[in-house]
Amino acid sequence: MTDFLKMLQQAQQMTGKLQEVQDKLAKATVTGAAGGGLVSIEADGKGAVRRVSIDPSVVNPADVEMLEDLLVVALQETQRKARELGEEEMKAVAGGLGLGGLPFKLPF
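In terms of numbering that gives the first Met the number 0, the sequence shown opens at residue 0 and continues consecutively.
If you're looking for bench data, these hints aren't it; they were derived computationally from the structure.
Cβ coordinates follow ideal geometry from the N, Cα and C atoms, glycine included.
Okay, the calculated beta carbon distance ranges per label pair:
{"no.": "1", "residue 1": "Val63", "residue 2": "Lys5", "range": "57 to 67 Å"}
{"no.": "2", "residue 1": "Leu7", "residue 2": "Asp54", "range": "47 to 57 Å"}
{"no.": "3", "residue 1": "Asp62", "residue 2": "Lys26", "range": "34 to 44 Å"}
Please construct the entire structure, taking both the sequences and the accompanying hints into account.
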């Protein structure tokens, strides 16, 4: 019975820590850029885009494809940074609970 109560307490702690991580990621900011900063994208730690910045010098109606490529690269970098931030936060939670790492992938 004691083991079950201990497991229940650990599950409650994990739920609380996961919520803290979610809140922290929602408040965090990551930025990805392309073209030497001509295109940048800002997102929260979950990867939700907040802002896109495009330098007017890359807005060329004759070469829309270049701008599209820059946007894709900046978005990919932003998403990568958000994913890495989430992984770092989850490792901290897992380590803090004495789990040493999680054997499964979380949905964010």
